[in-house]
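K.L.:
Start from chain A and add chain B according to the hints.
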Amino acid sequence: MMRFAIPLAIFLALAAMLGMGLQRDPRNLPSALLEQPAPEIDRPILGQLDPPGRRLMLKDMQGQIWLLNVWASWCAPCRQELPTLQAMSQRDGVPVYGLNYKDQPEKALALLRVAGNPYVSSAIDIDGRVGLDFGIQGVPETFVIDARGIVRMRHLGPVTPEIWRDKLMPAIKALR
Amino acid sequence: MTCSKTRSLLSLLSRLRRLCRLAGPLLLVTAAMLVPAAGVMARPSLDEREASLASQLRCVVCQNQTVAESRAPIAQDMRQQIREQLSKGSTDEQVVAFFEQRYGAFVRYNPPWKPSTWLLWLSPFLIALGGLWVLRRNLPGTPSDTLTSEERKRAQQWLEAGQEDHRS
Numbered sequence: 001m002m003r004f005a006i007p008l009a010i011f012l013a014l015a016a017m018l019g020m021g022l023q024r025d026p027r028n029l030p031s032a033l034l035e036q037p038a039p040e041i042d043r044p045i046l047g048q049l050d051p052p053g054r055r056l057m058l059k060d061m062q063g064q065i066w067l068l069n070v071w072a073s074w075c076a077p078c079r080q081e082l083p084t085l086q087a088m089s090q091r092d093g094v095p096v097y098g099l100n101y102k103d104q105p106e107k108a109l110a111l112l113r114v115a116g117n118p119y120v121s122s123a124i125d126i127d128g129r130v131g132l133d134f135g136i137q138g139v140p141e142t143f144v145i146d147a148r149g150i151v152r153m154r155h156l157g158p159v160t161p162e163i164w165r166d167k168l169m170p171a172i173k174a175l176r
Numbered sequence: 001m002t003c004s005k006t007r008s009l010l011s012l013l014s015r016l017r018r019l020c021r022l023a024g025p026l027l028l029v030t031a032a033m034l035v036p037a038a039g040v041m042a043r044p045s046l047d048e049r050e051a052s053l054a055s056q057l058r059c060v061v062c063q064n065q066t067v068a069e070s071r072a073p074i075a076q077d078m079r080q081q082i083r084e085q086l087s088k089g090s091t092d093e094q095v096v097a098f099f100e101q102r103y104g105a106f107v108r109y110n111p112p113w114k115p116s117t118w119l120l121w122l123s124p125f126l127i128a129l130g131g132l133w134v135l136r137r138n139l140p141g142t143p144s145d146t147l148t149s150e151e152r153k154r155a156q157q158w159l160e161a162g163q164e165d166h167r168s
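Top to bottom, those sequences are chains A and B.
If you read the first sequence in the UniProt record's numbering, its first letter stands for residue 1, the second for the next number, and so on.
If you read the second sequence in the UniProt record's numbering, its first letter stands for residue 1, the second for the next number, and so on.
Rather than coming from a laboratory, the hints here were simulated on the basis of the structure.
One or more of the hints may lead you astray.
[Stated by the list, open to error] Okay, derived cross-link-like pairs now, DSSO-like style, lysine-lysine, Cα gap no bigger than 30 Å in a straight line:
| no. | chain 1 | residue 1 | chain 2 | residue 2 |
| --- | --- | --- | --- | --- |
| 1 | A | Lys102 | A | Lys167 |
| 2 | A | Lys59 | B | Lys88 |
| 3 | A | Lys59 | A | Lys102 |
| 4 | A | Lys173 | A | Lys59 |
| 5 | B | Lys88 | A | Lys102 |
| 6 | A | Lys167 | A | Lys59 |
[Claimed, not checked] Here are a few chain A residues that face chain B, going by a calculated C-beta distance under 10 Å:
| no. | residue |
| --- | --- |
| 7 | Phe11 |
| 8 | Pro26 |
| 9 | Pro39 |
| 10 | Gly131 |
| 11 | Gly135 |
| 12 | Gln137 |
No residue lacks a Cβ here, since even glycine has one placed at the ideal position from N, Cα and C.
In isolation and in its complexed conformation, chain A is listed as follows (with noise of 0.2 Å):
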């Protein structure tokens, strides 16, 4: 009996760590920034009005809890996530600063036009340069970032109305 008990066990367990692992999904990593500080950003910003030369950084935005959204053009799901974020972050008055993803700034202007825009202000990453130091692994992404500029959580893929009500805003609220 036991000698059929021990390795039927064995395998028992090891089946369900293996079925676990399949339930999850490998591209979901924890970000290596969170609890560090943000990366400085340090780039101009997206549209006309702003005057110009005017740069994106870290201390505008120091003293309030923010979003940092990752963000192209060319990027299917960010233009669906457009209407949630102007919405969600209007209602709940968490200001969003878009990150503009290896994107031609005319295309991304004319998207904003078109899809509404819900940023503060976007800062124009064109090599990718700023997008390599948040470690960002596709668009869109959004992270959490508190008022002493530490990043708190990083979402990977778009963030719909239910990502933002029980991801976004609990996480924001704790901080708050």
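P.N.:
Relative to the frame of chain A, chain B by itself:
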């Protein structure tokens, strides 16, 4: 005549011996001079270092490929970044650290040896040891010398049955 012959032979031998004694250190010295020369010649070029680093780092989008294999745009950016860092004079370790700071230890294709990866590196050996132990336990020729209570009971039954047979 023979005596002088042996003497000359002996002197030749001693001269040879001296030569060897001299040649030994000489050989060592030349070898030592060759080592740094070989080191200079074998120092990998920037291209080779870039290629080697790219094959040690993981593409963060297509996770089962290295940066060298991947054709994803982000892997291109990473290769570009490797090149920039190297041409700025960074060491290979500094380049790996640059990516590790941004993407975590996951970005290394070979996990480093540290407490959280000890189990990962040691598990094959642990499993092999466990297998050997099971094999040794189950190998015939090593019967246990104590009887289990069940075996004892069966032996008792046999003994009693034998006695009954004997009586009848």
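K.L.:
Hint by hint, say whether it matches the structure.
P.N.:
Here's how the hints hold up against the structure:
| no. | hint | in the structure |
| --- | --- | --- |
| 1 | Lys102/A <-> Lys167/A | 27 Å, holds |
| 2 | Lys59/A <-> Lys88/B | 28 Å, holds |
| 3 | Lys59/A <-> Lys102/A | 23 Å, holds |
| 4 | Lys173/A <-> Lys59/A | 22 Å, holds |
| 5 | Lys88/B <-> Lys102/A | 24 Å, holds |
| 6 | Lys167/A <-> Lys59/A | 26 Å, holds |
| 7 | Phe11 | 14 Å, violated |
| 8 | Pro26 | 6 Å, holds |
| 9 | Pro39 | 8 Å, holds |
| 10 | Gly131 | 8 Å, holds |
| 11 | Gly135 | 4 Å, holds |
| 12 | Gln137 | 5 Å, holds |
The structure fails to meet hint 7 from the earlier list, while all remaining hints are met.
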